[in-house]
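Taken in sequence, the protein lines are chains A and B. Per the working numbering, the first sequence starts with residue 1, numbered consecutively. Per the working numbering, the second sequence starts with residue 1, numbered consecutively.
Treat the hints with caution; some may be incorrect.
No copy is singled out in the list; a pair is fine if it fits within one copy or between any two copies.
In the DSSO-like style, the derived pairs of lysine-lysine whose C-alpha atoms are separated by at most 27 angstroms in a straight line are [unchecked claim]:
hint	residue 1	residue 2
1	Lys140	Lys231
2	Lys234	Lys140
3	Lys179	Lys231
4	Lys150	Lys140
These aren't lab readings, by the way, just hints derived from the structure by calculation.
There are 2 protein chains.
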Amino acid sequence: SVMSSGKKTPATLSSDSVINFARGDPTMYHSYWSKLGDRCTMVIPGNDLMSYFSDAGNLCWFLMPELDHAVRRLHRVVGNAVADDDRFIVVGTGSTQLFQALLYALSSPDEPEPISVVAAAPFYSSYPEETEFLRSGLYKWAGDAYSFDKDGPYIEVVTSPNNPDGAIREAVVNREGGKLVYDLAYYWPQYTPITHRADYDVMLFTFSKATGHAGSRIGWAIVKNKEVATKMVKFIELSSIGVSKESQLRAAKILGVISDDCQDSGPNKEETLFEYGQRLLSERWERLREVVERNGVFSLPKYPQDYCNFSGKYTDPSPAFAWLRSKEGLNCDNLLREHNIVTRGGTTFGVGSKYTRISMLSPDEEFNLFLERLSAIKGTGKGNCY
Amino acid sequence: SVMSSGKKTPATLSSDSVINFARGDPTMYHSYWSKLGDRCTMVIPGNDLMSYFSDAGNLCWFLMPELDHAVRRLHRVVGNAVADDDRFIVVGTGSTQLFQALLYALSSPDEPEPISVVAAAPFYSSYPEETEFLRSGLYKWAGDAYSFDKDGPYIEVVTSPNNPDGAIREAVVNREGGKLVYDLAYYWPQYTPITHRADYDVMLFTFSKATGHAGSRIGWAIVKNKEVATKMVKFIELSSIGVSKESQLRAAKILGVISDDCQDSGPNKEETLFEYGQRLLSERWERLREVVERNGVFSLPKYPQDYCNFSGKYTDPSPAFAWLRSKEGLNCDNLLREHNIVTRGGTTFGVGSKYTRISMLSPDEEFNLFLERLSAIKGTGKGNCY
Numbered sequence: 001s002v003m004s005s006g007k008k009t010p011a012t013l014s015s016d017s018v019i020n021f022a023r024g025d026p027t028m029y030h031s032y033w034s035k036l037g038d039r040c041t042m043v044i045p046g047n048d049l050m051s052y053f054s055d056a057g058n059l060c061w062f063l064m065p066e067l068d069h070a071v072r073r074l075h076r077v078v079g080n081a082v083a084d085d086d087r088f089i090v091v092g093t094g095s096t097q098l099f100q101a102l103l104y105a106l107s108s109p110d111e112p113e114p115i116s117v118v119a120a121a122p123f124y125s126s127y128p129e130e131t132e133f134l135r136s137g138l139y140k141w142a143g144d145a146y147s148f149d150k151d152g153p154y155i156e157v158v159t160s161p162n163n164p165d166g167a168i169r170e171a172v173v174n175r176e177g178g179k180l181v182y183d184l185a186y187y188w189p190q191y192t193p194i195t196h197r198a199d200y201d202v203m204l205f206t207f208s209k210a211t212g213h214a215g216s217r218i219g220w221a222i223v224k225n226k227e228v229a230t231k232m233v234k235f236i237e238l239s240s241i242g243v244s245k246e247s248q249l250r251a252a253k254i255l256g257v258i259s260d261d262c263q264d265s266g267p268n269k270e271e272t273l274f275e276y277g278q279r280l281l282s283e284r285w286e287r288l289r290e291v292v293e294r295n296g297v298f299s300l301p302k303y304p305q306d307y308c309n310f311s312g313k314y315t316d317p318s319p320a321f322a323w324l325r326s327k328e329g330l331n332c333d334n335l336l337r338e339h340n341i342v343t344r345g346g347t348t349f350g351v352g353s354k355y356t357r358i359s360m361l362s363p364d365e366e367f368n369l370f371l372e373r374l375s376a377i378k379g380t381g382k383g384n385c386y
Numbered sequence: 001s002v003m004s005s006g007k008k009t010p011a012t013l014s015s016d017s018v019i020n021f022a023r024g025d026p027t028m029y030h031s032y033w034s035k036l037g038d039r040c041t042m043v044i045p046g047n048d049l050m051s052y053f054s055d056a057g058n059l060c061w062f063l064m065p066e067l068d069h070a071v072r073r074l075h076r077v078v079g080n081a082v083a084d085d086d087r088f089i090v091v092g093t094g095s096t097q098l099f100q101a102l103l104y105a106l107s108s109p110d111e112p113e114p115i116s117v118v119a120a121a122p123f124y125s126s127y128p129e130e131t132e133f134l135r136s137g138l139y140k141w142a143g144d145a146y147s148f149d150k151d152g153p154y155i156e157v158v159t160s161p162n163n164p165d166g167a168i169r170e171a172v173v174n175r176e177g178g179k180l181v182y183d184l185a186y187y188w189p190q191y192t193p194i195t196h197r198a199d200y201d202v203m204l205f206t207f208s209k210a211t212g213h214a215g216s217r218i219g220w221a222i223v224k225n226k227e228v229a230t231k232m233v234k235f236i237e238l239s240s241i242g243v244s245k246e247s248q249l250r251a252a253k254i255l256g257v258i259s260d261d262c263q264d265s266g267p268n269k270e271e272t273l274f275e276y277g278q279r280l281l282s283e284r285w286e287r288l289r290e291v292v293e294r295n296g297v298f299s300l301p302k303y304p305q306d307y308c309n310f311s312g313k314y315t316d317p318s319p320a321f322a323w324l325r326s327k328e329g330l331n332c333d334n335l336l337r338e339h340n341i342v343t344r345g346g347t348t349f350g351v352g353s354k355y356t357r358i359s360m361l362s363p364d365e366e367f368n369l370f371l372e373r374l375s376a377i378k379g380t381g382k383g384n385c386y
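In isolation and in its complexed conformation, chain A is listed as follows (with noise of 0.2 angstroms):
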């Protein structure tokens, strides 16, 4: 689960305090809005927002025209994906409920069982649980899709860049009857070179992992097929009847802001969002990469340059998570416990235990104590038990 692990680091880290790596709170993001100062600020009167409708002459009647407006603006400036209009955008609580609203509209109750859903290890860890939580006779998770072998239909996840490994990704089974959802909430450039414009059926983005507003829970799909939009938005009006306006509004307005200063030539632009983000990424993936071939305990993985369409130079990837492979086979989650550093293992990830994840996303001051007590850590044995 996502959240069961997630105590919160206190205000003062002390020397033996616990630090949390296993959630993917993207609170480093936090000084960058601070000094944005006011440019974000959102005033909402007491007397706005009140109707369950946002637009209703749009298929997805809950969404505000802003939101809709600056989504497919940020796509347009970026570059990541294409959102021109004749494809549909569905707003959700989050991308997992999105996922969910896929799940229902990519299935049917009248197959006589339930479709399989796969993801290619190691594969995002809610998603399981959230395929199978409910026991639905819709779907069902089919586990590793390097392993399915069934005939019929299918859903496959294709997450990309991948959390946890940060890979760039393809679809994996290519069957007949194959339905394939994009979750492309990490393909923006502070993490990945923006090598084209996706263009797939049904894409999945949020915001959390966009601009780091997580608290927001607010998400977007980009959809080609009609009948799949209907279904969805259907599912979001019987799971909430709609989406909340107050994180809808806040988010255009921020998603404008990021598009404005992306726009800006002038001589006194801004550093924008994504560049700050890559430049921190970039700064704490080189320590990273040094403390871990300096102690030999650890591996990481390796990421091709690439050249960047949006910042128009090659750049590395930079992705949001670290996952960190102990060369001796050891369980890695469990070694890092010991030193005080809560992450999230490799087993919840389809894969085996001397993976582990680690979020790189953290405020500096966390960021830095998890380098200390990584460095500190020595090869084999001193009474760890495994």
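For chain A, the structure is supplied; the task is to place chain B on it using the hints.
Frame of chain A, contents of chain B only:
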């Protein structure tokens, strides 16, 4: 479905425009909040509300402490429900999400078959669809509680005052193994006399119906049992990783202003939300009853006057919906549609088509037009086909 017939009424109402009373969009309250000016204005800086977590030490870790406090205080001030500190508050994306969280919390994957979910007819039209749409193996809709006679565990939803018919209700099945969910969305002084502090195991409330802020998608449950509350939190974590913080904070502010005004005993005290709502609704009910009596085609339920502990006087109930019955047994929804009045017919509430439900919470202009058209309807025949 709540929304499928939800085309927005045009801003200018011409004599032949269709007016929609099928949904319960509480737009009537807009004028009240306009009158209060800046007192409920929310200001949210761009760097605020970013983390997934609201209160990591709380069982409901995504509940904003401000909302927790405001909800408990308002119930204390109004006296409609016990929300003492030993009760758990669980926030949801509307009470719609909380209803589904309860189905999950009160069922078990270890049972041999899905638990039956029932409600006494006429029941809220969305309960069956919300229970059924994912074909869960944990719970299933079992219809009218009056005719339920299956042994074993069951969930009974008790809506009081009832949607659609405004009746004060108690559980009807009363058998061993029953789990009760009290949906108290309309148990506020503008709709009904507050006769006691409700103190059930599980009680649902919603911001939409209490204050008219339907677009915020905020509901809350008051729960006695820790295990039930824990499972509800788990459901909301899995379905949306929490609830919009912007909406929670805004709800906290608005509920706080209502409590302030209710506690104000000064000479210049404002008309409270409840006084305003009660005044408007009782005027509307009086006018509606006059029209219904005059044209002789329909009848309406009668509600007993009762002593309201909150207002300190005897008041008449003035429900949020009018439950209209055709005296001649005609299809009431069809009859009204012929006069360009869209309502929600009795069959969706589990009873006959001679009933239909009409929202009493529309803006003045629409309500006036409704009465005008209703007045014009004459007894049998006149080319109507039933």
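Now for the hints, and whether the structure bears them out:
1. Lys140 to Lys231: Both ways: Lys140 and Lys231 sit 18 angstroms apart in one copy and 21 angstroms across, limit 27 angstroms.
2. Lys234 to Lys140: Cα proximity of Lys234 and Lys140: in one copy and across copies (20 angstroms, 19 angstroms).
3. Lys179 to Lys231: Classified as within: same-chain Cα gap 15 angstroms, cross-chain 32 angstroms, threshold 27 angstroms.
4. Lys150 to Lys140: Within one copy only: 13 angstroms inside, 29 angstroms across.
Violated hints: none; the structure is consistent with every hint.
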